[in-house]
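Use these hints to put chain B onto chain A, whose structure you have.
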Amino acid sequence: AAGVIQSPRHLIKEKRETATLKCYPIPRHDTVYWYQQGPGQDPQFLISFYEKMQSDKGSIPDRFSAQQFSDYHSELNMSSLELGDSALYFCASSSTVKAFFGQGTRLTVV
Amino acid sequence: GIQVEQSPPDLILQEGANSTLRCNFSDSVNNLQWFHQNPWGQLINLFYIPSGTKQNGRLSATTVATERYSLLYISSSQTTDSGVYFCAVGVRVSGGGADGLTFGKGTHLIIQP
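Here the protein sequences line up with chains A and B, keeping their order. Anchor point for the first sequence: position 16 equals 79 in my numbering, and the numbering is continuous, going up by one each time. Anchor point for the second sequence: position 109 equals 123 in my numbering, and the numbering is continuous, going up by one each time.
Hints are computed from structural coordinates only; laboratory data are not their basis. One should not assume that every hint holds.
Claimed, not checked - BS3-like cross-link-like pairs, simulated, lysine-lysine; straight-line CA separation at most 27 Å:
#	chain 1	residue 1	chain 2	residue 2
1	A	Lys-85	A	Lys-115
2	A	Lys-120	A	Lys-161
3	A	Lys-78	A	Lys-115
4	B	Lys-119	A	Lys-120
5	A	Lys-76	A	Lys-120
6	B	Lys-119	A	Lys-161
7	A	Lys-120	A	Lys-78
8	A	Lys-85	A	Lys-120
9	A	Lys-161	B	Lys-68
For reference, chain A alone in the conformation it holds in the complex (with noise of 0.2 Å):
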């Protein structure tokens, strides 16, 4: 079965560097979901989209913005990236309320 399609897996970044993050859903997935995951720590929630509007805010910094298109793909852009935005970058989507994540981002800024 299709799942959540995540790229770049890997991306290294210099500091006030800008970065896009690409994610695309499950075929026929209504919702899709950002998260952030930095080490050991438990996921914390960025933005989501409901049929290409956006539909919740989470703790995004105003440094990021996101975006989900007609073809139903979602991109993360963040931009002058900081040492602490090192961190593994999830998508999901749901059709009914059940999450699917893809296998994530790990974004390091040096």
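This is chain B only, laid out in the frame that chain A set:
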């Protein structure tokens, strides 16, 4: 915001043992899910269980929504069960979709051969 507490924080067991993981939450929710994060970081959805009891093989879960807790049972543990088990709660939105999940700190389970 809603608080989610999981216990125990750490658990070390021998292969074949049974275990019970607990999740307490501070407010009414209609969305509760259990996840397993394996040592490679992958998050696997085990159950969507806002109330009642479900079973899937050696795993089962029970949520008592009126008392604001959920339990995850693992029977006949295997080394592949090792990892972190997260409870996550949220609210389903009328009209479709769901708000983001609030995760507990997790239970770190180690199954020794």
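Do the hints match the structure? See the list:
{"no.": "1", "hint": "A:Lys-85 / A:Lys-115", "verdict": "holds (15 Å)"}
{"no.": "2", "hint": "A:Lys-120 / A:Lys-161", "verdict": "holds (18 Å)"}
{"no.": "3", "hint": "A:Lys-78 / A:Lys-115", "verdict": "violated (31 Å)"}
{"no.": "4", "hint": "B:Lys-119 / A:Lys-120", "verdict": "holds (20 Å)"}
{"no.": "5", "hint": "A:Lys-76 / A:Lys-120", "verdict": "holds (25 Å)"}
{"no.": "6", "hint": "B:Lys-119 / A:Lys-161", "verdict": "holds (20 Å)"}
{"no.": "7", "hint": "A:Lys-120 / A:Lys-78", "verdict": "holds (25 Å)"}
{"no.": "8", "hint": "A:Lys-85 / A:Lys-120", "verdict": "holds (18 Å)"}
{"no.": "9", "hint": "A:Lys-161 / B:Lys-68", "verdict": "holds (14 Å)"}
Consistency note: the structure conflicts with earlier hint 3 alone.
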